[in-house]
Amino acid sequence: MKEIIINNLSYKYSLAENKALNNISLEIEKGDFIGVIGPNKAGKSTFCKSLVGLIPHFYKGEFEGEILIDDLNTLNSSIAEISLKVGLVFQDPFNQISGAKLSVYDELAFGLENNGVEREEMITRIDKYLDLMDLNEVKDNNPFELSGGQMQRLAIASIMALKPDVFVLDEPTSQLDPQGTEEVFKAVSRLREENLTVILVSQKLNKLADYANKILFLNQGGIVAYDDTAAVFSRNDLEQMGMGVPIYTEIARELELKNEKDQYPIRNSELKEMLVAKYGKNIGK
Amino acid sequence: MRSLSLYVKRNSLIHKIDPFTKIIYVFVSVISPFIMPTLIFSASLTLINLMLLLLAKVVKRVIPIISFVFIIILTIFVIQGMFYGANQTKLFTIFNLSFYVEGILYAAKISIRAINVLLAFSLLILTTPPAEMIESLVRRGMPAKLGYIMHSVLQIIPMMSSNASIIMDAQRARGMETEGSLWVRIKAFIPLIGPLVMSSLVNTHERSIALEVRGFSAATKKTFLHQEEVPGGMKQLRIFLLLFLAAVLVWRLTL
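As they're listed, the protein sequences go chains A and B.
Under the UniProt record's numbering, think of the first position of the first sequence as 1, with each following residue one higher.
Under the UniProt record's numbering, think of the first position of the second sequence as 1, with each following residue one higher.
To be clear, the hints were calculated from the coordinates, so they are not data collected in a lab.
These numbers come from a predicted model, not from an experiment.
Treat the hints with caution; some may be incorrect.
Claimed, not checked - Heads up, simulated DSSO-like pairs for lysine-lysine below, C-alpha to C-alpha not over 27 Å straight-line:
1. Lys16/B - Lys222/B
2. Lys204/A - Lys281/A
3. Lys163/A - Lys145/B
4. Lys222/B - Lys139/A
5. Lys128/A - Lys222/B
6. Lys145/B - Lys60/A
7. Lys278/A - Lys258/A
8. Lys30/A - Lys214/A
9. Lys187/B - Lys16/B
10. Lys204/A - Lys261/A
11. Lys186/A - Lys207/A
12. Lys90/B - Lys109/B
13. Lys139/A - Lys16/B
14. Lys60/B - Lys139/A
15. Lys60/A - Lys139/A
16. Lys186/A - Lys139/A
17. Lys128/A - Lys221/B
18. Lys261/A - Lys278/A
19. Lys128/A - Lys30/A
20. Lys261/A - Lys272/A
21. Lys221/B - Lys163/A
22. Lys128/A - Lys60/A
23. Lys60/A - Lys19/A
24. Lys272/A - Lys41/A
25. Lys207/A - Lys261/A
26. Lys139/A - Lys145/B
27. Lys258/A - Lys207/A
28. Lys163/A - Lys30/A
29. Lys9/B - Lys57/B
30. Lys222/B - Lys163/A
Next up, chain B with everything else stripped away, as it sits in the complex (with noise of 0.2 Å):
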């Protein structure tokens, strides 16, 4: 069984960053770009991502998560391109439909920091494992009960849905039809989902119990198995990010 991930390993420096700066960083980075919202900041932020994307080595993994959006920033270009409020400078006409400058100009505002929120988080997702995401968290205060819910939920997805494989072929060999057009596959979902939750909430019960006997609700302190790595300078780079981000907001309130 395996985990839910996107992580891609790769022998790279970004990978080799501690996930809490890579947390901030990305914090950082999704937030300054709507606090000075100029286009050529946002640009100049979401190349800074694509070069770190590619320093990673990472990629080829992006364009997909990008092509997902492309219909929507084409949506966000078309229906601001001709009916953003301030529209005066028409670009050109299709089919009697006029585009203004204004219009495409504040729908690439827009677009750039949309992408630019996707490289971001595609950078920490794409180089941390979860596991260890969930763990630098956890480490600096997040309670340790969102954390396991944070971690189960990448492993008990998968487990979900192998168990639902095994009830379609209960059903299936007494004789229910499952595959065939759209209609029929919507009337096999639909007996699947009482013995799917049922079962995945007597697991969870159990598991519970599980859980308590190990010491899940324990008051002591917790402890790690796993030392966090940080590799040097990473306290500088923290200190470094966070103040970017109040100068943006300093730059910001002055200006």
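Next comes chain A alone, as it looks inside the complex (with noise of 0.2 Å):
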């Protein structure tokens, strides 16, 4: 089934020359998880503020072609409707406390106050997010004094409270450390539990290894690939265009390590059995 439907997007920020995504159709489905990869200016993060209606909502300037979210055109909902569909988190893990709860249990029943939800079903959901997302030994402490990581899965919590059907991460642990990092992954892990359509910008190609089972790669506002993940980071021109690809993909390239479906590993996994069919179980000993 389809959830996103996107037809002819294009978007100019107000006084930017160039337009900052031109031209992108695409669809998606229900249950998809979408890595989008990009070098800087590709329109990674105008491409998330699309989904949730920040563009064209709280963003003006010069929108064309339209999103359809299941039957909901974001054009004409207001980012508030959006939101209950479509959620977002993004890079700052600290402006995306709402600075007006004193601690992570309020900061959590903060956008279900805004929707209206019926407070023993506020509390339901409360509970089961900050269980998730392992939240519950700091429930009682002001928001700012979390990390970063526990202030990035509080912000995830947050979003998941209000249920939506698609959650969009633009680069959620690109200003954290590695522990942070980890922590967040694993959070964006049991997003997939849930069954939602996850979009993940992101820069850690690993991790989208692992996670995505598509990639959408932009660069400079348009697609150049859309494809199954093993597809895309089996390219060649992905240097060209300043991308990397996964480390296990580096190593079988090297190693000129191909699949039957004439792709490169791209996990771990992969790599170590395909090294064995190839070298003998006593490789490297």
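With the hints as a guide, bring both chains together as one complex.
Below, the structure written as structure tokens:
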């Protein structure tokens, strides 16, 4: 089933010279985990902002085309309406704290209060997502006193509590240390278990290879590739466009190890299997 | 990071009263001395406030506030004592400066009222957590956006001041003098403003996005996580307070 349909989406920020997104058309299936990659200025963040309706409702500029989420056209719906279908988490964990609540527990309630969720339901959801995001220990702390990883998990939990169908994460780990990054990716893996459609922008290609079933490669506002993860990472022209490949793919490429589909392995386990198949079990001993 | 708040946690009867009743009390207590401008009336309300502060076990916290306005009150006494329009009866003279009974009485009236306002607001602010007070107003129809502004100021000002010290450290690390005479400090302050204001603007912009995607502008009626705890008898107390205000008004109009 199609969850998101994008037709000829173009967008130019006011005062900008070039279009940030240029004629993008694609479809996203329900339950897909899409990894979005691309160099700087590729339009990744603009793409995310369009999905939640911040473009064109919050950022004014030249908007063309349409985004349909189920039956909801983002152009004709308010951000508040869209936010119940599509959740957004972005880079800076600090700025995603509302600043109006004194405890983690209350912070989780912020979005629910705004959307008029009944109190009993609110408590059920808060307890659930506190658990799911491992925030029970800090639930009475001031949100501003959390570590980066905890703050980002709080941001994810606050959005999860709104029960969106689609979850957009715009480089959620770019400002975190390795430990915080690990925490957030663990949290992201739980999103998959909740059967959400996830769109994750990240430069952590190894992680994307583990989680995403499809990769959307953007460059200069256009789509370079939108295909299965292994197919995209097997392309030979990624480096030319300023992108790397997952470390396992790079090793496989050096060793010219391809599978039956003529693709390089992208995950640790796949590479190991192929190495064993080629060099025998005692490899490295 | 601490939220800005003067709230003092104590176990007292006053602390248990719900914010809205306290707000009504403050309103009545502040307004009525202006309707009924007699010295005895103002003084008795002030005395009541003082007793309530004692009951709330927060009197100690009021002293610095009172001492701060003491200078202003002193000025009122000096100026009115000497120059009040209706001055007739000389009370005493120092260095050829004469003080009059009428002026001193008038000054007392103003000062008592000012102290009364101060005590009444202290009673509210020292015994009510700001978050509860704001929420209680939002429940009764104050726009949620205004409530948010009030909330966030309390949290974001401490945040800005910690940002400011980070920026100052960075500038100090590059050899800028930030300590020393007043002039040096003023000079150090100017380059601080730019980065501080800019970073605050950027943060505010990002935060507003985060708020939007959490339904900040949703048209639906807001609900609340916390239930309002109103002790028994508060309704009657609120009605009594408003009746009292009405009585003062009637008394004044018929007098």
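Tested hints:
no.	hint	verdict
1	Lys16/B - Lys222/B	holds, 25 Å
2	Lys204/A - Lys281/A	violated, 30 Å
3	Lys163/A - Lys145/B	holds, 24 Å
4	Lys222/B - Lys139/A	holds, 23 Å
5	Lys128/A - Lys222/B	holds, 21 Å
6	Lys145/B - Lys60/A	holds, 22 Å
7	Lys278/A - Lys258/A	holds, 11 Å
8	Lys30/A - Lys214/A	holds, 12 Å
9	Lys187/B - Lys16/B	violated, 49 Å
10	Lys204/A - Lys261/A	holds, 25 Å
11	Lys186/A - Lys207/A	holds, 10 Å
12	Lys90/B - Lys109/B	holds, 18 Å
13	Lys139/A - Lys16/B	holds, 24 Å
14	Lys60/B - Lys139/A	violated, 33 Å
15	Lys60/A - Lys139/A	violated, 37 Å
16	Lys186/A - Lys139/A	holds, 19 Å
17	Lys128/A - Lys221/B	holds, 24 Å
18	Lys261/A - Lys278/A	holds, 16 Å
19	Lys128/A - Lys30/A	holds, 23 Å
20	Lys261/A - Lys272/A	holds, 17 Å
21	Lys221/B - Lys163/A	holds, 18 Å
22	Lys128/A - Lys60/A	violated, 37 Å
23	Lys60/A - Lys19/A	holds, 13 Å
24	Lys272/A - Lys41/A	violated, 35 Å
25	Lys207/A - Lys261/A	holds, 22 Å
26	Lys139/A - Lys145/B	holds, 25 Å
27	Lys258/A - Lys207/A	holds, 21 Å
28	Lys163/A - Lys30/A	holds, 15 Å
29	Lys9/B - Lys57/B	holds, 10 Å
30	Lys222/B - Lys163/A	holds, 17 Å
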